[in-house]
Amino acid sequence: MPWATSDLSLLRTLLLLLTLGLGSVEVLADSPDAAAILSSSDKARGGGLPGIQWQVNVETVETGGGKDLTQVMVKSNGDDNMMEFQAPVKARGRKVLMRGNNMWFSSPTVSKPVPISPRQRLTGQASYGDIAATNYVKDYSAEMAGNEVVDSVPCYVLNLTAANKSVTYDKVKYWVAQDTGLGIKAEFYTISGKHIKTARFKYDNRIESGDKSIPFVSEMQIVDALASNTVTTLVYSAIEVRSLSARDFRLN
Amino acid sequence: MPGHPRRHNRICFAALLVMMPLPYAHAEDEPSCLDNVVEAGIDWEFIAYAEKAEIMQGSLNPGNLIAELPEQKELLEVRPDIRFECAPFTFALSPRLQASRQKVEDFLHPDPEADSDDDAFVNAALVRVDIGTMWSLEASRQALLWGPSLFFSPSNPFSRVNGRNTPYEELKGKDFAIVRAFFGSSSVLSFYDNFAEGEAEDPISDFEHTYALTFEYTDFAWTATGLYSQSESEQAFGGFGQYTLNDYIVLFTDLAVSKVDEDWLADTFPAAVQSGLIDMDRDWHAGITLGGSYSFTEGSNVSAEYYYNENGLTDVQADALLTTGQRVVDQLESGVFTQDFASDTNVLGQVVALRQAALRQHYVAMQYNKNDIADRLDVVLRWTYGAADGGSLAVADFNTTVGENGRVFLTLLGTFGDDEAEFRQFYDYRATLGASLTF
Chain A
238 MPWATSDLSL
248 LRTLLLLLTL
258 GLGSVEVLAD
268 SPDAAAILSS
278 SDKARGGGLP
288 GIQWQVNVET
298 VETGGGKDLT
308 QVMVKSNGDD
318 NMMEFQAPVK
328 ARGRKVLMRG
338 NNMWFSSPTV
348 SKPVPISPRQ
358 RLTGQASYGD
368 IAATNYVKDY
378 SAEMAGNEVV
388 DSVPCYVLNL
398 TAANKSVTYD
408 KVKYWVAQDT
418 GLGIKAEFYT
428 ISGKHIKTAR
438 FKYDNRIESG
448 DKSIPFVSEM
458 QIVDALASNT
468 VTTLVYSAIE
478 VRSLSARDFR
488 LN
Chain B
6 MPGHPRRHNR
16 ICFAALLVMM
26 PLPYAHAEDE
36 PSCLDNVVEA
46 GIDWEFIAYA
56 EKAEIMQGSL
66 NPGNLIAELP
76 EQKELLEVRP
86 DIRFECAPFT
96 FALSPRLQAS
106 RQKVEDFLHP
116 DPEADSDDDA
126 FVNAALVRVD
136 IGTMWSLEAS
146 RQALLWGPSL
156 FFSPSNPFSR
166 VNGRNTPYEE
176 LKGKDFAIVR
186 AFFGSSSVLS
196 FYDNFAEGEA
206 EDPISDFEHT
216 YALTFEYTDF
226 AWTATGLYSQ
236 SESEQAFGGF
246 GQYTLNDYIV
256 LFTDLAVSKV
266 DEDWLADTFP
276 AAVQSGLIDM
286 DRDWHAGITL
296 GGSYSFTEGS
306 NVSAEYYYNE
316 NGLTDVQADA
326 LLTTGQRVVD
336 QLESGVFTQD
346 FASDTNVLGQ
356 VVALRQAALR
366 QHYVAMQYNK
376 NDIADRLDVV
386 LRWTYGAADG
396 GSLAVADFNT
406 TVGENGRVFL
416 TLLGTFGDDE
426 AEFRQFYDYR
436 ATLGASLTF
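Quick mapping for you: the protein sequence lines, in order, are chains A and B.
Residues in the first sequence are numbered consecutively from 238, following our numbering.
Residues in the second sequence are numbered consecutively from 6, following our numbering.
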């Protein structure tokens, strides 16, 4: 039976709807959830784990060729971060404790821990916020900002905006590798939009997460956006995933 | 850089290992504590300093007979800190070797020779066992300080002053048994039993067994601790807390209401009680510290604190005390002594000893600190104002690194105001220059 004109119209409409429908499915598949990407990338930088401990060696090479080496032991669990300085000798025994928005500093030369404000997170080339575990999915709201290729790696680009005033940076532009789900580059901005740092990450360590072995950050290289000849490199080692309790986050 | 945390120096481990118990080691098939070493190390500090002071010999310290402060002091000290942690045990030991020389000039010894002394003692020690995630038990010797306040901690029954005017001196440790229970990540219940005086000997009164029970809660932007403490002479309710107002301001408080046993007061400080300079008619006395600190973008901090001390002397009592002291001064200067000389001297000594932390009722303190100036200099500037009498005390502390292991420090203290002011009673100035080597 020949197709009636109205039937052809109906068929075309159905095909169109089907095409649009399939297209929609494909578009959804290409636009993954920004929070899910962030959550996945956080794990490889210490976030979302039951507790983690690591050692960070921070090397800053300044414009004039000067070199500064710092070694910090970090314990992290959710909003709690304890940083204990082990080198250089002058800093040995200094501790910074971050519990949510509460921060304390202690040192062998002061008789008891001193409360300090969250602004102290930004002190230095590598801030305490950089040294501590990353929990971007909790601290920032994320929006997809397209796809780009960084160092031949196709990446999702995320724009992160601070979810509260307690975070280290107001805005972050974050590149996450599409194949591995690892954050490989970040640009950090102030609330006024001033670009202050750029960081790149390597993941040559591995940790056990559940019953899986997953990559873990091994190096974070920070370039100061204002003094681009100053490069700070954080090297992560002695990583141990273990349950940490409130007892691990006390200064006395 | 070493791959494992805190393995600076292993030389003295053998000694520590010999001393420590080895839990589980008796069971051949069970893991030894030594199989689970979390942290281990020994830090050495060699410190030497020289101090020169101009001692005031005014109404509260006539002839330097009350405080007996040294006008000159030199000290050399070796400070090893040993730490060993193999879950669930933690051990720490801080023995001290000290050689010192000081010259104390007073009315009875106007031109004395310097006295030399040497000493070896353990200023801090710790044995702690963690039981599961909830409990920890510890026996320790330590100078137990708590709370966010910078200058005075009215809630702390073990030490109300923070010792910040002499940062190069370690506070002396007392002996404690401590039990802690951790409830989740936010709450901690602690019981403290200060069962012996340790190295913190009190030259005036006998040691008192002191207990404290604290409950600490930490939220995202604030933390608070409530406590009850009791000794043979005093019971107190109090607490301390801090609130992070925004990115650059932290507010804090430390407070207590306490009641001192009247019989104990009358027995221990009879001359002061009989003179009427210690109130016996008020039940509970309050001590409150209110403060805040502001952080600048470049990393420095300024803090301010107000301290109300209801236990302190009123204007009338302070006048009576100064009059008593002046009588002693007059007799020392004239060389003619009356029968009241001994009792007046007793009154002065007892009132000053009882209210060592703060003699008067109102104080304001401010502090500015900045670390790592030019990557090597730490500076602390501190000013305490006695609002009741207008006197003040200023401290400037400069600390700089020299090479990889060295440190040089200079601490200057000066007092200002009327000669009747509390802070002008003991020091005119004091200067301390020192150096340390750390390995």
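Quick caveat, the hints were computed from the structure, so don't treat them as lab data.
Any given hint could turn out to be false.
Stated by the list, open to error - Subject to a maximum C-alpha distance of 30 Å in a straight line, what follows is the list of computed BS3-like cross-link-like pairs (lysine-lysine):
#1 Lys375(B) - Lys408(A)
#2 Lys434(A) - Lys375(B)
#3 Lys304(A) - Lys431(A)
#4 Lys177(B) - Lys332(A)
To be verified - A short list of chain B residues far from chain A (calculated; beta carbon distances all over 12 Å):
#5 Val127
#6 Tyr253
#7 Val255
#8 Asp320
#9 Val341
#10 Leu442
Glycine residues also receive a C-beta, built at the ideal position from the N, C-alpha and C atoms.
Against the structure, the hints:
no. : hint                  : verdict
1   : Lys375(B) - Lys408(A) : 28 Å, holds
2   : Lys434(A) - Lys375(B) : 24 Å, holds
3   : Lys304(A) - Lys431(A) : 26 Å, holds
4   : Lys177(B) - Lys332(A) : 22 Å, holds
5   : Val127                : 17 Å, holds
6   : Tyr253                : 5 Å, violated
7   : Val255                : 5 Å, violated
8   : Asp320                : 32 Å, holds
9   : Val341                : 45 Å, holds
10  : Leu442                : 9 Å, violated
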